[in-house]
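Asks: So the sequence lines, in the order shown, correspond to chains B and E.
Quick note on numbering: our numbering labels position 110 of the first sequence as 126, and the sequence is numbered without any gaps.
Quick note on numbering: our numbering labels position 50 of the second sequence as 51, and the sequence is numbered without any gaps.
No lab work stands behind these hints: they were computed from the structure.
Keep in mind that a hint or two might mislead.
[Said to hold, decoys possible] No farther apart than 25 Å at their CA atoms in a straight line, the calculated lysine to any residue pairs in the SDA-like style are these:
id : chain 1 : residue 1 : chain 2 : residue 2
1  : B       : K73       : E       : S52
2  : E       : K6        : B       : L104
3  : E       : K72       : B       : F61
4  : E       : K38       : B       : Y26
5  : E       : K57       : E       : G95
6  : E       : K55       : B       : N115
7  : E       : K6        : B       : N122
8  : E       : K6        : B       : P55
9  : E       : K6        : E       : F63
10 : E       : K110      : E       : E43
[Unchecked claim] Reference listing, derived: stretches of chain B covered by chain E, where coverage requires no fewer than 3 residues with Cβ under 8 Å from a Cβ of chain E:
id : region
11 : 43-56
12 : 117-129
Every residue, glycine too, gets a C-beta built ideally from N, C-alpha and C.
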Amino acid sequence: KAGVTQTPRYLIKTRGQQVTLSCSPISGHRSVSWYQQTPGQGLQFLFEYFSETQRNKGNFPGRFSGRQFSNSRSEMNVSTLELGDSALYLCASSFVQGNSPLHFGNGTRLTVT
Amino acid sequence: DQQVKQNSPSLSVQEGRISILNCDYTNSMFDYFLWYKKYPAEGPTFLISISSIKDKNEDGRFTVFLNKSAKHLSLHIVPSQPGDSAVYFCAARGALDMRFGAGTRLTVKP
Chain B
17 KAGVTQTPRY LIKTRGQQVT LSCSPISGHR SVSWYQQTPG QGLQFLFEYF
67 SETQRNKGNF PGRFSGRQFS NSRSEMNVST LELGDSALYL CASSFVQGNS
117 PLHFGNGTRL TVT
Chain E
2 DQQVKQNSPS LSVQEGRISI LNCDYTNSMF DYFLWYKKYP AEGPTFLISI
52 SSIKDKNEDG RFTVFLNKSA KHLSLHIVPS QPGDSAVYFC AARGALDMRF
102 GAGTRLTVKP
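Chain B with its partners taken away, still in its complex shape:
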């Protein structure tokens, strides 16, 4: 069974631009979550989608948005990029909500210059 796939792996953008990251969950997984990892901050929760609906949202500005499609694939968008948005963005999927582990992709490394 293929794991969680994130594209692209690396991305370099300049301040003010926007970016879209893509995530394909494990087949059969309907819940997709997004996290931001920066040095010393661990994994910060961005949002979670389940059956195309955003169920939860972390404490990030409105520049961060996402969506989920009917095939459970998800995209995350960041508009008006700032230098502080440079981070590793991780997508995770799980079979159902509740007590099941998240399975992570290898992430997209975003660098904003």
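We have chain B; now place chain E onto it with these hints.
Replies: Then chain E, alone, in the frame of chain B:
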């Protein structure tokens, strides 16, 4: 808000000895706890979990202990191996989302 804390950014142990990684949480609504391991340039990999109705869960060399009254979670690795060198994240799930600690970098020396 740091609802899940890993107060030790790094830990170094000798091969064959026990590694103990600690995690504290503040939200009593958390009912499911997990440990993840992360190598550079890879996503976190699920290691082991424990439900709040248990106080111990064991899987091979890995054991997770949960002390609900102290809101404390620990991961024991016995015996430690050089391949265990990685960053370990503890995570806790409540009603809304899963929160992660900042991670502890474990180095196992041969």
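Asks: Of the hints stated earlier, which fail here?
Replies: Violated hints: none; all satisfied.
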